[in-house]
Structures are given as structure tokens and as C-alpha cells.
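Chains C, W, A and E, in that order, are what the protein sequence lines are. Count the first sequence with this note's numbering and you get residues 74 to 333, in order. Count the second sequence with this note's numbering and you get residues 74 to 333, in order. Count the third sequence with this note's numbering and you get residues 74 to 333, in order. Count the fourth sequence with this note's numbering and you get residues 74 to 333, in order.
Honestly, I wouldn't trust all of these hints.
Just so you know, same-sequence chains aren't split out, so a pair can sit in one copy or run between any two.
Said to hold, decoys possible - In silico BS3-like pairs for lysine-lysine, Cα to Cα no more than 27 angstroms straight-line: (1) LYS286 to LYS77; (2) LYS194 to LYS163; (3) LYS194 to LYS91; (4) LYS296 to LYS163; (5) LYS163 to LYS77; (6) LYS296 to LYS77; (7) LYS240 to LYS296; (8) LYS317 to LYS91; (9) LYS240 to LYS163; (10) LYS194 to LYS317; (11) LYS97 to LYS286; (12) LYS286 to LYS296; (13) LYS97 to LYS201; (14) LYS240 to LYS194; (15) LYS317 to LYS96; (16) LYS96 to LYS286; (17) LYS201 to LYS309; (18) LYS194 to LYS96; (19) LYS201 to LYS317; (20) LYS317 to LYS97; (21) LYS96 to LYS201; (22) LYS309 to LYS194; (23) LYS286 to LYS201.
Treat the hints as calculated values from the structure; they're not laboratory data.
4 protein chains.
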Amino acid sequence: MSDKIRVTVWGEYRHELKNEAVKKIYPDGMHTVIANGLARNAGIEVRTAILDEPEHGLTEEVLAETDVLTWWGHTAHGEVQDEIVERVRKHILEGMGLIVLHSGHFSKIFRSMMGTNCSLKWREVAEKERLWNLEPGHPITEGIGEYFEIPNTEMYGERFDIPTPDKLIFVSWFEGGEVFRSGCCWERGHGRIFYFRPGHETYPIFYNEQVMKIITNAVRWAKPRIRQPHTCPCVKAIETIPPKEVDFGKAGVQQDVKGA
Amino acid sequence: MSDKIRVTVWGEYRHELKNEAVKKIYPDGMHTVIANGLARNAGIEVRTAILDEPEHGLTEEVLAETDVLTWWGHTAHGEVQDEIVERVRKHILEGMGLIVLHSGHFSKIFRSMMGTNCSLKWREVAEKERLWNLEPGHPITEGIGEYFEIPNTEMYGERFDIPTPDKLIFVSWFEGGEVFRSGCCWERGHGRIFYFRPGHETYPIFYNEQVMKIITNAVRWAKPRIRQPHTCPCVKAIETIPPKEVDFGKAGVQQDVKGA
Amino acid sequence: MSDKIRVTVWGEYRHELKNEAVKKIYPDGMHTVIANGLARNAGIEVRTAILDEPEHGLTEEVLAETDVLTWWGHTAHGEVQDEIVERVRKHILEGMGLIVLHSGHFSKIFRSMMGTNCSLKWREVAEKERLWNLEPGHPITEGIGEYFEIPNTEMYGERFDIPTPDKLIFVSWFEGGEVFRSGCCWERGHGRIFYFRPGHETYPIFYNEQVMKIITNAVRWAKPRIRQPHTCPCVKAIETIPPKEVDFGKAGVQQDVKGA
Amino acid sequence: MSDKIRVTVWGEYRHELKNEAVKKIYPDGMHTVIANGLARNAGIEVRTAILDEPEHGLTEEVLAETDVLTWWGHTAHGEVQDEIVERVRKHILEGMGLIVLHSGHFSKIFRSMMGTNCSLKWREVAEKERLWNLEPGHPITEGIGEYFEIPNTEMYGERFDIPTPDKLIFVSWFEGGEVFRSGCCWERGHGRIFYFRPGHETYPIFYNEQVMKIITNAVRWAKPRIRQPHTCPCVKAIETIPPKEVDFGKAGVQQDVKGA
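Here chain C stands alone, though its shape is the one from the complex (with noise of 0.2 angstroms):
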């Protein structure tokens, strides 16, 4: 594979174009101030794709050439198409990396992916978060300390109806008295996947230097390894097996029927 890591950043789009408060932090969408923080970073390649576009800027020929799809989406989840939904998963599963951002947990693909319901608590009264390491040795967490605060912030409380992470990497404390799982990892297929709280659009958290250093650092984490698509092949068996006359005659059952 290349050594260049591709990533495409996913926006729906939508709140910067209809919310003034929003528009005047993003006014070229938060996909684009992504975007642009992942591309200062040397090895990184990176287009964006937006809800609104033909099949949601994913196509096959998109996501083949995609090794992280990062997602932002909040109001229109809805309007996500099943089938691309669908197509992105397999890619995922075939070893394309996924970082879920903010909102995005009740997204279709991070629910399809987890399995669960993915719900949470929440308030928007623009309170202070401190992020906790707890995994300073992993690579999502390189160049972080053991902490670090965004003033200003929506508020995502537990319990975060997911499945055990793998690896748990950061823990909110928030000012309003909640705790929160985030920063998770797992591994789906061939595929990992990281879920990070951060990024109410509200607020300019995009532009947060420690934010924008763990997306970089996690995209790196879940560059594929390998990309691989999944079968379900009837094998010839290694060792020999002696053929076998198997009679399940009536009697045989019957008599473990009367048992029952």
C-alpha cells in the first residue's frame, strides 16, 4: 500500500449553511477545517465529501481509494442512504479505518458498526470539558499530556450505550457534574475505528490544536494493515477423513425423542 495515508473527511454540511452562529465559525464547513488540519501534516492526503453531493460524495471508486473516512454528521442522519451506509461498512470491515467525530455517534454507520444503540445524555450550555489520558503510551494520545481542557462545550453524558472498547483512551470530566467515554477504540473485520467526543458545531473546536493533533494521530492508528474483502468459502478438508456411512435411522432418533 501507499505510504501516503488518504483520508477523506465526510461533513453533512448542513448546520453551516442554515445557522448563522455556525456559519461564522465554519463558513466553509467544518469538513473543511478538518480537512485543512489534516493536510498540514506531512504523509497525509486528504479530499472531503458532503452529504449533498451524488451518493454522498462515496462512491466505490472513492472509497477504494480512501485508507480513513473520518464522519461528521448530526441533523441529517436520515437522510444517509442505506445502500451507501451499506457500501461503506463492507469497506470498513475490509480494512479501511473509520474516526467518528462528535454527533456522529448516532450516525447509521457507527451504529451499524457497534451494534448498539450508541445513545447518550446531553446539554448545550457551552460548560467546560477536561479530556483525561488514560493511555498515554498509545499512539492516538502522542504529543497530548495527561490532559487537556476545551473551554467551551456541548456536554455528553454517560452511559454511552456502546460496546466495551478495546482500549479506552480518554474520559471527560465536564463542568456541569458528568463523565464521559471519549475517546474508544475497536477493531470490526479488518477495520478499527475510533469514536471522538469532540466537536459541537457550535463552538470553534475544529480549530483546537490538541483536537485536530488526536484526528491526526488517530487516522494514523487506523491506516488499513491490510484491505481484504470477507468470504465464506466451502474448503477441502487438510487431513484425511475416512468416508463415513452416517445413518440417523428412525429408530435412533425416535429413541432420544422419548427421553425428551
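Position chains W, A and E relative to chain C; hints supplied.
Chains W, A and E alone, transformed into the frame defined by chain C:
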């Protein structure tokens, strides 16, 4: 909750009607033999449901009264309606137990709970299987020794594309040279899930005492601890948060953008 | 095994003798209050053991009659004899349950079961702790709501150096800004282990109804499913293995060595 | 950290001196063959250390310069000094990688890292082993196909008494009828641990290309991400905590005690 465990045994019930060899072994369907095997145990109440019943026999009423659902399907996974799968899934996430048997690995419900492809290798030459008990202290292996054998069975071989099980209970050795993770536990939402490999329709496997002992144990293990819907509520702060004047002025944000 | 759960509450019992503030709260020792709290529950039989008894009160006989051991220590971890630690460890691996409380995180027995350093951050300024319940369906949280609070406590903060828990039950929020994995489950050998953070000696924490409810639930959860020694036997083959003439002649090996 | 991975290959080096059959296969010791196998790879620097050297060759200096330690021992586990085990353990928890080979399952260092007994079943009749690759996307299986075989080996059978691996990489099929979790990954502290089953001294297993490929891959996987001591610091509050007047008067506590 009731002291009785209320089990619904779901059967596809197609092979038994069309294939003479299967009909001979299971004249009233596999689901009937499984149901009988469970019903002989004190404290377990059993009903059955099949594909060709309205709503596949899995109405909201039936599921609301089901503590644990067992699932056997093979030839008609695609005929199970998505709407019913979603209904079953909701009940599992709220606390209902799920036992998936053999070829149910490719059922819509199992794949949607796992998030993976659930593919594997297979071969049908009536070979011998030996299931090794890795967790003698687990409730699912109560009464099972170090291993037990099934004299003639279809083979399933690794790689089985599943999320790492919370607990790996059985690993199978096959005469032809393969191995398989044959007993696997997961928790998803508030529900417990057990996958159990044995159960090929052309062999009298559900008459096997050990197999039925394990399914019975699994039913007891998967009994709901709670039954609770998932919600995503907006909540009030517990701690006092001082009023915030948040101003993400153009200057501030643009300054960050410049850095990009 | 008996229907009764036989619990041994182990206490270091030093602070209570030397520190006036602690003596005032726990005149008969913390172990007595924990034991009383457990003994008021039907189906639980309790005895206590302390550091300054012969063999720390943990003779082979006592352990053989103990289903679940609870452990509180702090100032004298180093005085616990290695031989007794090894004895306790053997019983846990054979099936005995272990509940480790608060400063027991640095006990020899907990560190030897975890294999890690078990270090953390701490601070003692009587701050508020709020324990969030991440697993409302788990037996250990039965009767506990979404969260509960301890008005004054010592703080423990991440990173807590433990192996990833099999199940993370509680995460704490602290007034001073930290978070902590306060309730963690593991299985080791045939035994179950629960670490529970609350319990600082200078606060009346073991009089707290919620705390004692959780310890009681944990005792029920940790009850042995089996009690079985570990052996490393030489076993006969189950399948027929043809006699083998194995000859690793000099030539053959040298040939390989050449490749190196 | 250096780009080179500095490996120390530790060998017990006793069988090779005393047993003619082993001496014939490994005239310079197994550690030499393992070291040669690793050293032929670019980017890996190797040194060896043996039991009978002072401090078993594992001085503080050596360990400080070791990125990954491989361990083979069998007949003399008891002769490894506890003090050296503790030193190695400290380095692993701080970030050094550990690869445990074959009979190393019963070494002091492996058992102390796992916290379990690490017992298993065994048999030595030169039977065939087939190792199935469960994780084709994992760096440890790079270049390894679906399975590989060892024509003659000692058998290890389940139940292997280990904590559930973070990732299960290989499962073995044995000619005589057993299965075994032959490749297992864990993280402890900041260090990575890989257990790999093959390596019996009476067969030329460390000349096997696949075996050495896997050990080489494991060395790369286990390379330290950080190297950092564990501390247990008293820390200042980040948030302002108002001064507290805590009074646990006799009355208050007694009132609670009455309830008991």
C-alpha cells in the same frame, strides 16, 4: 421479573419440510426438538415461532413476553423482514437474551448485533468435532467436562469474522484439520448474546444431551437482568455552571484559520 | 456449594488504633462496619480477619471456608507476608472471589492479581465525588440509580495503571476536576475480582447505604461458580497418532543455519 | 527513541548443554538461533543474555537499552532470582516489550505479568501442529497465510489459564485432538506482551521460517511507544474547591450504626 425464564425458540423451518433427510431427523422441525429439550427443565417456559407465521411469530407482544430468544436459520435469512429484525434488536438492547445457533451466524439479527460480516469456512463431510471447554467456571459450561464430541457434523473453520468475544467459552477441533471459536459471549446494550456453533440440520445434533445442556445453561445465563429502553435525554446540570458569554468573533477564528 | 455466601472481611486495622479522627468514626475498625453492613443481608455469613492476627487471620482453613474475601489495607501493605499473599492468590485462581476496597489498590494481593503497578493520582481535601453507573444491567449496580454521591472523600485520579477491565462499572467525577474508573471487574483463573474505589478512612464512607449496597452486590457477583485447583498434566492423545521417526540430522539443521 | 529496535534474547541455556538431542539441534543454544534469526532483519539489533551470567545478563543497564525482551525458559524457572524478575517487570510496565516463547508460559516473569497460574495440558509425541491465523490484519501475522504447520512438536492443550487476551492471534490444532490459544497479545502498564507457543527444545522449531517471521513481527509490534515510570503523586485540585468543614461527630455516625 418472573422467576420463570420465558424462552421463544425461533426456527426457520424450511429444510425440515423440503429435505427428506432432515425431515426424517426432525419430523416436527428443529425448533420443536430444541423447545422440548428446554421445556423439560424446571423454571423454563417455552414457546416456538417460525418464519412463515405472520410477523415471523415475533410480534411486539411475543417479544415483550420473551426473556431469551433462540435463533436457527439458514436457507432463508433474506426472507426475514428488516422491520422484524429491528424489533428484535431493540428488545435485545433493552435486555432480552439472544442465543444464536449454528448457521444463524449469517442471520440478519446476528450480523446486525455484531456489526461484522460473520463469515467463516465450512465443509460438510460428516466429520468429527471435539469442543474444548475453556471456561469450566462459566455458568454456560456447568455440567460439561473438559470437552465433548459430536461424531458427525458440518465443519466451520476460522477465520470467523466476529468482534473479539467478551468471553470465549468453547474452541472446536475438527477431524479435517480446522479449529473454530464455537461458543462466544457478548453483551450489547443491556442484553446478553451467546453464539453456539453446533446444530447442522442433516445430523441429529439437537438430540445430543451435551448440546441441549449447554443451550439450557446459556438460556439461564442470558436471562435479562433489567429491561429498559434507551433514551438520549437533554439533562440539566448537577453542578452550578456560571453564565457564560461565549464570543467566537470572526477575528479569533480567522486567526486560527491562518495557522492552517 | 452452600447456598450461604461465606465472606471474610479483611482489615488492616491500624489507622483506627492510632489516628484519633479515624478511631472516632470507626471505633471497632472499618472491618467491623463492613462486616455488619454485609451481615444484615439474608444469605450472607460474615467473619473478619486482621493483619495482626497470626497468619493475618487468613489460614488455609479460613480461606477454604471463604467464598468471597474483601480487602482494605493502606499503611502496612508491606507487612503482609508474601507467603500469605501467595495462599490468597491460589484460592482466588481456584475460584474464591476478591473485593478490593479503596487504598487496597496498592496491596500486594491486588497488584499480584493485576500484574500492573496499580498507581494513580490522589488528593485529600474532603471534596465531593459522584459515581456514574455505566452498567445499569450489571448485578453489582442492582438498586443503584444513574449515579450516587459521596459528599466528602479523598480523590483518586487517572491514569489508574490497571489492565483494561473486563467490565467498567463506575466512573467517578471529582469536584477538583479529575475522573477515575471506580468500579472494575476482572476474572482471573476461576475467580472474580471487583475493585471499588470509595472507602477512605477519615470519612464515614462504609456507613453510606449506597456503598454498602454495592459491596453487598459485589459479594453476590463474586461468589465462586467452581472451586478447582490448577494442574499442568501430561495427557494421552485422544486421536491415534502414527509412530513417528523424527530425525533432525546435523545436515538438515546445518542447512537451515546456513540460511541465517 | 532510536529507529533501531534493540532486542535482548534471553535463554535459559541448560537443555542445550545437558541433553544430547537438544545439543545436536542447537549446539550454540536456542538463544543464538533466535538471535541470528532476528539479526538478519534490517532495523533490529540483537544481544543475548542467559541464566548463568551474573544477574542473568539482565542488569539495569541492559534492560534500559532493551526495547523488546524475548524469553525462553523451562527447566530452571525457579533459579531466576525474584529481584531480577521484579526489575524486568518494572521495565515492561514502563514500556519495554516482552515476547514469551513456549515453555516460558511457566516462567516467573510471565506468571507475574498475567496474575494467573498459566497452566495447560501437554504431551510430547512429535505430533503435528497447525496454527490458524485468526487476525490476518494484525502486524504479527504479516506475511503469514491462513495457517502454517509444524510437522513435529510437543502438544499444549487447553485450558490455558491466562487472562482473556486483548487479541487472540493464533489457535493451534493438534494431531492428537487438542486445541490451544497459541498466539496471544496483552498490554500491561505501557508495555506490550506477546505469548507464542511454538519452540520445544527437542525439535528444530526456531529454524522454521514462519516461526521466526512471527517472532520478528512480534518484536516490531512490541516496540515501546513510550518509556515512562509509574508514580502515585499527590496532586493539587484543578478546579476551585471551597473550604470544607467536615464534622463526622459521634452522633452522626452512631445514628448510622443503629441502622446496622
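Consistency of the hints with the structure:
1. LYS286 to LYS77: Answer is both: 18 angstroms inside a copy and 26 angstroms across each meet the 27 angstroms cutoff.
2. LYS194 to LYS163: between (30 angstroms within a copy, 19 angstroms between copies)
3. LYS194 to LYS91: within (25 angstroms within a copy, 45 angstroms between copies)
4. LYS296 to LYS163: within (16 angstroms within a copy, 31 angstroms between copies)
5. LYS163 to LYS77: within (22 angstroms within a copy, 37 angstroms between copies)
6. LYS296 to LYS77: both (10 angstroms within a copy, 22 angstroms between copies)
7. LYS240 to LYS296: The answer is both: 17 angstroms in one copy and 18 angstroms across copies each meet 27 angstroms.
8. LYS317 to LYS91: Between. Shortest inter-copy distance 24 angstroms satisfies the 27 angstroms Cα cut-off; intra-copy 70 angstroms does not.
9. LYS240 to LYS163: both (23 angstroms within a copy, 22 angstroms between copies)
10. LYS194 to LYS317: Answer is between: at 21 angstroms across copies they meet the 27 angstroms cutoff, but 59 angstroms inside does not.
11. LYS97 to LYS286: within (23 angstroms within a copy, 51 angstroms between copies)
12. LYS286 to LYS296: both (16 angstroms within a copy, 22 angstroms between copies)
13. LYS97 to LYS201: within (21 angstroms within a copy, 39 angstroms between copies)
14. LYS240 to LYS194: Both ways: LYS240 and LYS194 sit 22 angstroms apart in one copy and 21 angstroms across, limit 27 angstroms.
15. LYS317 to LYS96: between (72 angstroms within a copy, 21 angstroms between copies)
16. LYS96 to LYS286: within (24 angstroms within a copy, 51 angstroms between copies)
17. LYS201 to LYS309: between (60 angstroms within a copy, 15 angstroms between copies)
18. LYS194 to LYS96: Within. Shortest intra-copy distance 26 angstroms satisfies the 27 angstroms Cα cut-off; inter-copy 42 angstroms does not.
19. LYS201 to LYS317: between (70 angstroms within a copy, 10 angstroms between copies)
20. LYS317 to LYS97: Result: close only across copies, 19 angstroms inter versus 75 angstroms intra.
21. LYS96 to LYS201: within (22 angstroms within a copy, 40 angstroms between copies)
22. LYS309 to LYS194: between (52 angstroms within a copy, 10 angstroms between copies)
23. LYS286 to LYS201: within (19 angstroms within a copy, 33 angstroms between copies)
Comparing the model with each numbered hint stated earlier shows that all of them hold.
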